Every structure is written in structure tokens, then in C-alpha cells.
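Number of protein chains: 8
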Amino acid sequence: MSVSGGVTAPPTRAWQVYLAGEIHSDWRKRIEAGIREACLPVSFSAPVTDHAASDDAGTGTLGEEGTPFWRDHMGAGVNAIRTQTLIRDADVVVVRFGDKYRQWNAAFDAGYAAALGKPYVTLHDPELDHALKEVDRAAQATARTAEQVVAVMRYVIEGKLG
Amino acid sequence: MSVSGGVTAPPTRAWQVYLAGEIHSDWRKRIEAGIREACLPVSFSAPVTDHAASDDAGTGTLGEEGTPFWRDHMGAGVNAIRTQTLIRDADVVVVRFGDKYRQWNAAFDAGYAAALGKPYVTLHDPELDHALKEVDRAAQATARTAEQVVAVMRYVIEGKLG
Amino acid sequence: MSVSGGVTAPPTRAWQVYLAGEIHSDWRKRIEAGIREACLPVSFSAPVTDHAASDDAGTGTLGEEGTPFWRDHMGAGVNAIRTQTLIRDADVVVVRFGDKYRQWNAAFDAGYAAALGKPYVTLHDPELDHALKEVDRAAQATARTAEQVVAVMRYVIEGKLG
Amino acid sequence: MSVSGGVTAPPTRAWQVYLAGEIHSDWRKRIEAGIREACLPVSFSAPVTDHAASDDAGTGTLGEEGTPFWRDHMGAGVNAIRTQTLIRDADVVVVRFGDKYRQWNAAFDAGYAAALGKPYVTLHDPELDHALKEVDRAAQATARTAEQVVAVMRYVIEGKLG
Amino acid sequence: MSVSGGVTAPPTRAWQVYLAGEIHSDWRKRIEAGIREACLPVSFSAPVTDHAASDDAGTGTLGEEGTPFWRDHMGAGVNAIRTQTLIRDADVVVVRFGDKYRQWNAAFDAGYAAALGKPYVTLHDPELDHALKEVDRAAQATARTAEQVVAVMRYVIEGKLG
Amino acid sequence: MSVSGGVTAPPTRAWQVYLAGEIHSDWRKRIEAGIREACLPVSFSAPVTDHAASDDAGTGTLGEEGTPFWRDHMGAGVNAIRTQTLIRDADVVVVRFGDKYRQWNAAFDAGYAAALGKPYVTLHDPELDHALKEVDRAAQATARTAEQVVAVMRYVIEGKLG
Amino acid sequence: MSVSGGVTAPPTRAWQVYLAGEIHSDWRKRIEAGIREACLPVSFSAPVTDHAASDDAGTGTLGEEGTPFWRDHMGAGVNAIRTQTLIRDADVVVVRFGDKYRQWNAAFDAGYAAALGKPYVTLHDPELDHALKEVDRAAQATARTAEQVVAVMRYVIEGKLG
Amino acid sequence: MSVSGGVTAPPTRAWQVYLAGEIHSDWRKRIEAGIREACLPVSFSAPVTDHAASDDAGTGTLGEEGTPFWRDHMGAGVNAIRTQTLIRDADVVVVRFGDKYRQWNAAFDAGYAAALGKPYVTLHDPELDHALKEVDRAAQATARTAEQVVAVMRYVIEGKLG
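Taken in order, these protein sequences are the chains called A, B, C, D, E, F, G and H. With numbering that gives the first Met the number 0, letter number 21 in the first sequence gets 20, and the count goes up by one each step, no holes. With numbering that gives the first Met the number 0, letter number 31 in the second sequence gets 30, and the count goes up by one each step, no holes. With numbering that gives the first Met the number 0, letter number 4 in the third sequence gets 3, and the count goes up by one each step, no holes. With numbering that gives the first Met the number 0, letter number 116 in the fourth sequence gets 115, and the count goes up by one each step, no holes. With numbering that gives the first Met the number 0, letter number 12 in the fifth sequence gets 11, and the count goes up by one each step, no holes. With numbering that gives the first Met the number 0, letter number 29 in the sixth sequence gets 28, and the count goes up by one each step, no holes. With numbering that gives the first Met the number 0, letter number 39 in the seventh sequence gets 38, and the count goes up by one each step, no holes. With numbering that gives the first Met the number 0, letter number 107 in the eighth sequence gets 106, and the count goes up by one each step, no holes.
One chain only, chain A, in its complex shape:
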């Protein structure tokens, strides 16, 4: 963590960043690549992003279930062990909303982080601004691109811009 006055303080703190939300584009890969290129000490975590595995998380581990509602219920419980633990661990949460699907779990994660006093950054296009106004209000920043998220993390960790 850089401090004033020229004293060299090694940036040994590893920042934990949880990447929540949309799983159909490569935004996580782009953020990770940007962070690696900038040599920032960031450790990433995320929900399971393999859509099929995530949907089968309950029946694939605990056994068959015939009713769709309860199949989802079992799966969501198993996924919550992962997501709630990793969100609690994180220093910063990035919440991505894409232009398709309802992505209610992304908004749920944002509300969960907000209530814990955990800082989060939203990432979405301006078309979604009005619908996301409550979610954006409780965020510390709203980014439009993965590169902006990288820029935010670079500034937060190293105090450097562009």
C-alpha cells in the first residue's frame, strides 16, 4: 500500500474480489487478464459459472428429485454454501448485469453485500441504469466496461491512474 513521502511499503496485501452475476460473456476473463497485466495482488472468486453444473448442483450431489421447484431449491442451497462464504470473504464484490435474462441472483448478491457493509461495484450498460438505480445507489461505483473495473482496482490498490 503506497503511502506519502517516498517510503517504500511492499504491496503485500492480497485483495479478494468476488465476481458476481452474468455468466454468458467473457467479462470475468477480461477483468482477470487486466488485473494480471497490471500485476495487481488480487485473488478472484466467483459463483460456479458452468450453467449446467450450477443447475444440477442439488441433484448432482444429493440425489434425484422429481419436482422442478425442489430440484432448484436443493441446487440453490448447495450453491449458497459457496457464494455466501466467498462474498463474506471478499474485500470487494463486482456485480455484473447483462442485457439478457433477469439475473435476480445478481441483485440478491448486491443486497446481501450492502447489508454486510461490503463495498461493491456494478458493471452494466447505460440502458439498464433506470432499472438498476437502487442497486447502483448502494454501490461505491458503476462501471461500463471490464477495463474500468481494472482501473478502479488498480487505483484502490496502488493509488495510480491510467
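Please keep in mind that the hints were generated in silico from the structure rather than gathered at the bench. Since the structure is predicted, the reported quantities are computational estimates derived from the model, not experimental observations. C-beta atoms are modelled at their ideal positions from N, C-alpha and C, and glycine is treated no differently.
The calculated BS3-like cross-link candidates involving lysine-lysine, where the alpha carbons are at most 30 Å apart (straight line), are:
(1) A:Lys159 - H:Lys99
(2) D:Lys28 - D:Lys99
(3) E:Lys99 - H:Lys99
A few chain H positions that, by computed beta-carbon distances, are all more than 12 Å from chain E:
(4) Thr11
(5) His23
(6) Arg29
(7) Glu36
(8) Cys38
(9) Glu146
(10) Gln147
With the hints as your guide, set chains B, C, D, E, F, G and H onto chain A.
Only chains B, C, D, E, F, G and H this time, still in chain A's reference frame:
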């Protein structure tokens, strides 16, 4: 609160129920009417459900703002004073999802309640089950009709069914 | 709340006592009768003690469910809205274990109260002492009779013995 | 923690799993063996599972005590230093109920974990379902076999099924 | 609390508003007058605003003290009993910064409220915007006039604009 | 709560004050008398101050116990139901140390209040200053007389000196 | 942490033990020696036990102060930075009371730990039992010798007796 | 952490110290140099102290913004990700006030730390004492020079003076 053994305990506790989510149908009115008919000691609260007023909450109180993003930002801040205070006050939150709009603020409220350890009940049609599986999993109940919510509250308060 | 020195302080504080556990004997009635006889300002709450209603809490409010596991799951969720709210409200929890049934929910309630830093009193026969040692250790008192619970509450509220 | 998009993130996070409950069968050994076989980064903890030592935890460390109730009381206090510390440390708690004994301490641990917002998984046969409905409801998953618990942890950590 | 659908819910909730900061102008009087005129159920609290009394809070209650630093120290301790209790009680905090004096205690109160997750509104002229940017960022709203604060509270409580 | 600007705000808030510590002199009576004389809206609470009753709190409610250590243990558990509940309820705790006895429970109560972030005032003679320096440091004020405690509470509630 | 079933789990967890209280005898040395002899993974912390340094902690770091009360006040503040940080860090606190001095800070530390839900062990002679009954009641164990504290920690960490 | 009795305990604990406040003099450099010279295991963190970068933290990472108020708002949000995370991480916060500028963010940080129960040390000249009395009162120490802060940390960590 009724207890076993025939001792008469007057149900003096007033339950606070916060009604979150969709604002385009009459579900709040139906829940309130059902609760009144059942003579249950419930006090309701809710976000501002006048859509136009809610959208103007910032500029209508704090003054003009030309940029849509910041207009929403101001409004969401003013609304959050109300919603977060009332959710923290509530004993139970009911979160309603309709078939239109994205309703991310409803999912945000559910995540917020979950992180506070506040019990909530979701209210939506089966068509939304898969998309809402994470939100339903953290709920104590998923209802399909306003009448079911009334039945839940009647049971919770009086211990009576049907 | 009585204080030293003869100053008259009216005992206006109403104590909330939650009566958890066994539902097959009249221990709740006896505690309530004793408290009323002693004119103590105590307000009682309890889980729903109508066994049949409690078992049907889910299907009786939210609709049919064919699988026993999920029927219980729905019912336990609805019951938890009541029990967790009332335990959080309570000043003191009394946890009763009888000589029949496994009563795991009573032990669950005790663990829940312990983690919240909520004082609780256990009520059971000496035959159960060894099996309940962890539950008793985290309690502030272990009583053998309903009358002893009344005596504890009388002392706690009025500072008077026998 | 694996994330989408092919970026390699080393699974450096060590998950802490606390294995609570029944001490008369080899379920802990089977879970540990399965986790090791799957090469998962899990660190286990548990209560003291040597029954005789656990019963003598008080008198074996603090000196003789003639009354059985207080002997248990002393032992339970010493055991609680271990169990409550390790449960607070854990990311996930597994709570096992066998078909013998009352195992109230297992249910107590589940209630304790629930109040802390700590995710837990129950492990028991279907015969116990009805009696454990409250304990199962607050769990994120109910498993029938040790192998299912391993599958849950493999999915939670690596996002992989079977 | 007004809800949708025409159901009449009496606004019985009394909102607690703490008025922090500058004590040399009549802003508190103007907010209170506006709230009364609008017939809003608001109960106000504030630090002691009699400057001389506030400065003497320590020596005037606990006895003489010759060193200015410790005199202030004693006074600040006595004042903190009041201010921290009332801020914790409040639903909303209004923090006023005037154009004179350093008013560090106002910024301290804002930071205190922020860490508690308590919503607050800042009230100051645009000239102070840059210097107050951190304090404004953690606020839910920034008002320029006492009348705007009244409008915010009216909207928050009644859902009405203008 | 008085506020600036002449607006009349009725002092409707009732302050809860817990009077901890020494039980052999009339300091509680003097504080209560002073508060009544000043017509302050204060509600008092305290531990049981009847020394004999307090010592018998366990055996007098729960039955005989032959070993002095466990007799004290039972009594302290029953007393803790009262003291910890009332300290958590209190707005302000006054902790009195006299010149006799060790009064470790008074210091325990102070540490308990400090960890809860609850403001407290110590009351003792200067002879004890050095021995009580840690306890005084975490207090918001150290008073020498009951009258000074009354003066502190008058200032805290009404903002008035002498 | 040893678990049932013969699986070898390396005891990698380092336990943090804070040694509070009396500073005039060699009890800390004896506990540390016993722990080292038993090869237990324990890391110790303690208040500053050099009596003269502790008394001068304020003036020796922050500059001269003529009044004894404020000298102690300054010193206690500086010491509290150390003690409160290390108590919060600790897994277990040992609180020692000797037969001399009032040791109110030891009782304060015990109350502080109790309110944090931090397990602690008291260490004192039977002569002090009655005076310490509240402090002992909130403890998980009361030991008479340093060797007993070592035995408790050995059991807690390794599950082994004598 | 040194303990009594000559037992060698290696000072392996790394203390986290956050240096908040004024960014125009070399006080951070002097504290760091003093800590290094004393070979103390301290890891420092701080807000971004490059004034220009800090002012551009929003627009430099998230894109252009024409209105000064919102430009500051964006920047303060990004800065808060860093500052609030590091303050929560810190064992001790040092808050520096210089003789120029209003430095409201320093007072905000102090209030934030106070509400979290995080110990902090203020650092400022006596001329500011009266204006900073509330901020100083909630601090554990008030230092006049960077060297005094070093002395405090040396004592806190090693128990040594001068």
C-alpha cells in the same frame, strides 16, 4: 401469542410486515384486506408505490438534476432512507415478483433481508421459479397468492390453519 | 425493578419469556399460572403447540405437497418465522425436555439462543442430565419443576425469594 | 476458485469444515478419505470424539468432583472452549445424526451455527426426517451418505459434479 | 406508512431524527417548523446547542479542572453520553455544516453514523462540496436548505412530493 | 430533548440507567432522590441489592446444593439473567466502587458495558483512582458523589448545568 | 485437530491465548513452560507485565502530566490499545486473580471477554471463590493451578487427558 | 508479544496501522522511519496521498463527468473502497490534523473507527485541542509529534519505554 394448556394470553404483539416489490397489481391491498378480515395485529409498511413520485424522489425534494443517471441516483438515495429503515424495523418481509419488468430492487431487498437474518416470504407465479431459485432458497416460504401470505401470517401469529 | 434504599420504583418493565420445547405436558400452563399468581409482569410466547397444526403448517398455508420431506420442510419454514422472531424478542428462554421423543428442535432453540447471547433456563428431570450436559452448560440455570422456573423469574424480576 | 472463461486461478483457499455430532460410526473417516481422494483443500476439525475422554474433560483437567451433574458441567465447559471456537472458525459445518442416542449436542451445534449465519449440512437417514425437520430446514443441504457430503464439498470448492 | 391500493394505513410510526452539527444559525428551528407545518410524526433530538453549557459540560457537572485539554476531555465525555445514545436511537441523522468554524464533531458524527449503517443527510452550501466529498458520498442525500430536508422527510414518511 | 432555536420539544424520552456495584451505602437512594427532585425522565434498574437474597439466589430458587462453589455458581447464573438483561437495556450504566470489599462484579459489569459500546460513569473516591485506572479510562465520566451523577444526567437529558 | 477414525489431521491451527491479570507471580512462565513441554501449538499474548513501565505508559510516550488522575488516564489509554486488540485476537483468555491487590482490571477484562462471547478460564485459589462468583460463572472453567490450565489447553487442542 | 517471567515469545504478530488524515507534510514518512528504526513489526496502510490522483479517482477510472459535485461523488466512492477496507483491517488508526484545510475526511474516519470499536490515536498541535475535543475524547491517545506515535506503538508492541 397462544400457548398450550388453555391459558389465555392476549395477542398484544403487533407484527410489522414490510411489503416489497412489484407495484403494478393490487397484491398489497389484497393482503391487507385479508389480514384485516382475520383481525390480525399486523402493521404494514412498504416502499412508496406511486411510481411517478418514486421516480422523482430526488429531484422533487433536493432540486433539479439534468443527467438521468444522477437523477436516479438522487432518487434512489432518498427512497433508501425509507426502505432500509422499514426493512430493518420489520419482523417479516414479503417480496413480490410480477411477470413484467426486471424488479431488481425486489431481489436486492431480499438479499438485504437475508444478510440481516430477517425472515421473508416470496410471492410469485411458478413460471418464475427457476429464475428466482436463489431468492426462494433463502426465503422461509414461497407463496403463489396473496391469500396464502395471509394464511401464513395467520398461522404465524395465531397458530391456526384454515 | 426494585433497588436498594427504599426508593419506590414501579416494576413497569414487562419481561418477555419464550417457552420452548416439549408440547405434551402442561408445563407451560403451570408456569403461566405461577407467574400470574405471583403478579409478575411477564408476557409469554411459544411455538405453536397444537401438534397437528404445527405438522401441517406448510401445506395448510401454502398448498399441497406430496413428498413427506418437502412437506416437513415447508412446515418448518413457516414455523421458523414465528419461533425465530419470538426467540429474538425474548428476554429469557425456557427450554423444556420431556422423557419422550427426541426433541431436537428444543436443543436447536437452545443453541440458537446461546449464539445470540440470550439467557435461557433448561427444565428437565435428572435422568436426562448426562445427555443434556452441553445444553445445560450454556444455560444460566437448570430447573426440575415449573415451580422452580417461576421462582427464578420472581427473583429475577423482584429480587425476592420464597 | 474456478471462474468462467478459462483463466487459471489456483485453488489456494483452504476450506474449514467442522464435523459435528455422532461419534459411534466411521462417517468422519469416510468424509476425510473422500476429500483426500478428490484432492480438495479442506481442513477438518471436530469435537473430541474419544467418548471416555470427552466425558472426563472436566475432572481430568480441573480435578475431582463428586456430583455427576457438576462433573458433566465442568466437562461441558472445557469441551465448549474447543467446539465453539472451531465452529466459529469453520466455513461449513456438517451435523451428523445417527439412529441411536439423543444427540442433543448435535442439534445444539446446528442451532448455534444457524444463529451465526454459518452454513451447515445435515447428514442422516430418512427415518429421522420428521424429527429433524427444524434442523434440516435451517441447513443448506441434507445428505444421506458421507459420499454425498464429499460431493457437495467438491462442487462448492471446484464447481464440478460427479 | 402509505401503501398502494387505497388501503388506509395510519402513519403511526414516529420517526426519530437527530440534528447534528452547526449551532450558530436557526436551521434546526426551520426544520422543526417545517415538519410541524406538514404534520409529520417526527421526534427530534440534538446535541446540547447552548455553546457555553456544552463547553462547561465537564466542569459544570464533575468539578473543577485546571488544564484546558482535560477540561475539554471531561466535557466531551459527558456530551458523548448524550450524542452517541441519541444517534444510535435515530432513524435518520441530519448533519449540518456552516461556513464558519471547523466543525470536526459534525464530520465525526457522520462517520459514526456511516459505520453503524445509519442513513444520514448532509446540509450545506455548494462552496463546501469539494471539502465534504467523502462525507457527502456516504450520505443518502445532500440538501442545500432546511426546506429540502423537510421535503425529504415528507417524502420518506408519506411518499408525497411538493 | 431540547434543541436550539426555541422550538418546544417535550422531553418524552425515558432514559434507562442501570446502577451497578457497591450495595452497602445509600448511593442509589441519593441518585434516585436527586433525579426525582430534578424531575428527570429516568427509569432505574439495578442488581438485587439485598445481600442475603443475592447470595441465596441459586439455592432459594433451584433447590439445595452442598458445595459452596456450586452454590455460588447457581446463584450467579440466576443473578446474571437479571443483570445482563438490564445492562443490555440500559442507556447509561453507573458503576460504584466503595472502599470495602473487592467488588469484582462491578469491574466485570464495567468491562461488559465497555465491550457492548454502552456508555458508563464510574463513581468512587480518589483513593481508588490508581487501582481503577483501566475501568475509569473506558468510562465517559468519573464522578465522586451521587450528586455529580445527578448533574451529569441532568445535563445529558436537559442540557442544563447547575 | 484430531478427529475420530484414525485419520491423521496435522494440528496446524495455532491457538491464541491471552494471559490476563495478576503480574506479581510466575504463573505466566509456568503456563508457557507447560505448553512448550507438551509441544502444543499455542501463541501467547499478555498485557505489559513490567509494572513500572505499565504505570508510565502515558507519560513515557506522550509527555509529562502533573495530575495523577490524568497520568493514569493517559497510561490506561495506551495500555488499552494493546490489551483490547490482543483480547479480540485471542481464542481463549486466562484471567488470573492473586491474593493481593484489587485487580479490577482483571475483572474488567473478564467482563469484556464475556460480552464478546470469547471463552475464558479463571485461575485463582478457593479463598476467592465467593468474591469471584460472577466472574467464574461466565467462565468456561475455573482452574486452581497453572498446570490445570495447561491440562485444559492440551485437552482442548489435542483431545488428550493426563 | 513479551510476557512476564523471562519466557521468550517471538514477536511474530504484525500490527496493521492505518495513517489517516493530512497529506501535506511528511508525518507518515517520519512515523514509518521511526518504526523501521525501532524494528517493530508494523505494516502501514493509508489513503491515496497523491492529491491530484485522489481528486481524479472517479473520472480517471470510470470516465468523464461534467458536474463538479458528481465528479467528487464518483471519486469519493472509489476512494472509499480503499479507505473503508483498510480501516476495517487495521489494528490501530492514527488520525492526523494539520493547521490548514478543513480535513473533514480525517474526522469522518475517526468517527468511523470509533463506531467500529477500533482504537485510534490523534496527532495534532495544541492549538487545535478545543476544536477537536470530541475527536480526541474517543481516541485512546493524543500525540503531538510523529515520534510520540512511534513511542506509543513501541510500547504497545514491545512493552518498552524510551
